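Engineer: Those sequence lines, one after another, are chains A, B and C.
Heads up: the first sequence begins at 1 in my numbering, then just goes up one per residue.
Heads up: the second sequence begins at 354 in my numbering, then just goes up one per residue.
Heads up: the third sequence begins at 524 in my numbering, then just goes up one per residue.
For the chain A half of the interface with chain C, some residues (derived, Cβ under 10 angstroms), not all of them:
#, residue
1, A36
2, F37
3, D45
Computed from the model, here is a short list of chain A residues facing chain B with C-beta under 7 angstroms:
#, residue
4, F125
5, S129
6, W140
7, V159
8, W330
9, T331
Pair ranges (Cβ atoms, derived):
#, chain 1, residue 1, chain 2, residue 2, range
10, B, F503, A, F308, 34 to 40 angstroms
11, A, S236, B, A446, 40 to 46 angstroms
12, C, M664, A, F63, 35 to 41 angstroms
13, A, T108, C, R543, 52 to 58 angstroms
14, B, F455, A, K145, 41 to 47 angstroms
These are calculated hints, taken from the structure and not from any lab test.
As the structure is a computational prediction, the values presented were derived from the model and not from experiment.
Don't be surprised by glycine CBs; every beta carbon is placed ideally from N, CA and C.
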Amino acid sequence: MEIPVLAWQGLVILAVFGITLLIATYSTYAERVVAAFLQDRVGPDRAGPYGLLQPLADAVKLFTKEEFFPSGANRWLFVFGPCLAMTTALMASAVIPFGNTLIFGNGTEIRLQAIEVNIGMLYVFGVVSLGVYGIMIGGWASNNKFSLLGAVRAAAQAVSYELAMGMALVALLMVTGTLSLREIALQQYNGLWNIVYQPLGFIIFIVCAFAETNRTPFDLPECETELVGGYHTEYSSMKMGLYLFAEYINVFVASAVMSTLYFGGFSFPGEHLLYDVLLKSQGELFAHNTVTILGTITLFAKIFFFIFFFMWVRWTLPRFRYDQLMRLGWTMLFPIAIVNILLTGAFILFFGK
Amino acid sequence: MGTSLFYFLTFVALLSALGVVFAKNPIHSVLFLILTFFAISGHYLLLNAQFLAAVNIIVYAGAIMVLFLFVVMFLNLNAETEPNKPALAKITAAIAGGLLLFVLIAALRNVNPAGADLATFDSQIGMVNRLGLVLYQQYLLPFELASVLFLVAMVGSVMLGKRETGERNF
Amino acid sequence: MQLTNRRKHIEKKPMTLMERAYLPAVTKGMLITLKHFFSKKATIRYPEEQRPFSPTFRGLHVLKRDEQGRERCTACGLCAVACPAEAITMVAGERKKGEENLYREEKYAVSYEINMLRCIFCGLCEEACPKAAVYLQADKMAPPRFERDEFIYGKDRLVEPVDPNARSKRGIQLTPEQAEALARRMAGIEA
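Can you build the whole structure from these sequences, using the hints too?
Structural biologist: As structure tokens, then:
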């Protein structure tokens, strides 16, 4: 039976969806283990071997908790908030190229990417900018002053840091000349990684990524020392779980985007050499597929490194004060991002790319 | 499928636009407005204008509406604190709105939308690179002027945020 | 006026450019935490691993039996007198005929109760006992319980089992070196 390309692509979409959820699930476990290791502890190790079933235990706990609605809360929006947070978080992973193409014997070629759009970068940017609605709606609908403060902080922070993030991306765009994430990855596959051209842009981008995902040191919307729990103060049960889960999905997506944009995506050193060697010994099909699979593995290695980096930073740095946060965003990152654009423009003008 | 999608999006856009006007709660109004923007972005996508759709989402739904919501959340809008509007204000508002509707209808009454000719229609016209070429060749001056305006606004916001000398440094 | 020389004068200066860039300090902090990532973990996985008791640890009391399995306690009350927390109460009784294999002395404790909520585990009862009957075990603690009256330990829980194999080995278990050191210390105190 001939399986059409579209069905294969559907399979890839499902796989991407599943992998995103799986990685987010195990991020909760990894977060606790990394936190423990950085603090000279061992972390959860009771549920299953090395505590590997811990996410399952957490899920069971969250599902069986009492579903609580605060008095005076807007019920519809109260439920809608976490759903929206989860949806927007999941949407972003759709355009990330997880690998090059796989070619089957009959010539069928499938891309290891859920959907390819030629404005992939804008798509990610747009979806990420919508992520803040889940937090805002949830925080407002809770009818709680702490939650509202968390929501308001999230909004101000997201808008401020989106600006610097967009500016960093503009500089990257000038180098790559395309908005498609796949083409950006392929360019790096054939040339140098973008981090070589855009070191400053990468630093700006990673700082903004921390702010956009509401991770320490920018987790002011949920800082428990000032706002109890921020926007999820009133949430319990799986609605709370969805918020926590959405954060980890966002971390995963941010890591994937950073690896793709700046660290070569699915390319790894020595791939052309390997391709040539395999081409001579095994034929084109095998060479292409092997390099693709190795590339996917490399991409995941990069993503895992960045996820670890997110956690590493979280358990190292203290939280910014609110005025410090705004000052960093507006008076440091933003001007630096503009200077970065100018520098990039000058380089392209005088040296070519 | 394209036609039914068009009708669905139009239905959502109109319904949520009406929701913006008729919703009692301003937060709901803002959320309906966001939904309207999404429906309009969907229309852009149907017209193969991906860039416009994405930018509409990023700028309007992602940034401006966040600020709208931000401000509305700060207002303590309850039924009790709602000021009693005088009848004169209501009448004025009705007349102003009616006039706007009148003008719109008058303007659009005689418009004959030029249907796309399938033979010469360029499906790539809404793509990013086409748009970029048009903006940077045909409309270079207005585009650059607008960008300078934005840059001035951004620099101004940064200047407002700068610490003045002698200000308390926590 | 300066009372000590440990006072530090702290001045709040505006941050330099390097400090305002945050990144050098951030890198420094990250390296410190990374070092801890690979360092030895302090965790003791409790049920499998247990923290060793201190050689002088004083835990749950035990009323000892002698070599023939008779209770040593003669209910003299010295332990109750010595107890600073007044945790020990007892009722003395006279040994009947035929009970010689149960109690070593003619007078014995009909009931002997220690309130573990009052006890401060100072070990003075152990020192006061002329019959070497009460000991604080080195390897057992009074376990947590839900009810207050469960903390009042009667003879049923204090007296060690008749079967010598089931007994705790001794009140305090010392290695030969520790025993020697203890003996030397005691000799020093007495001298």
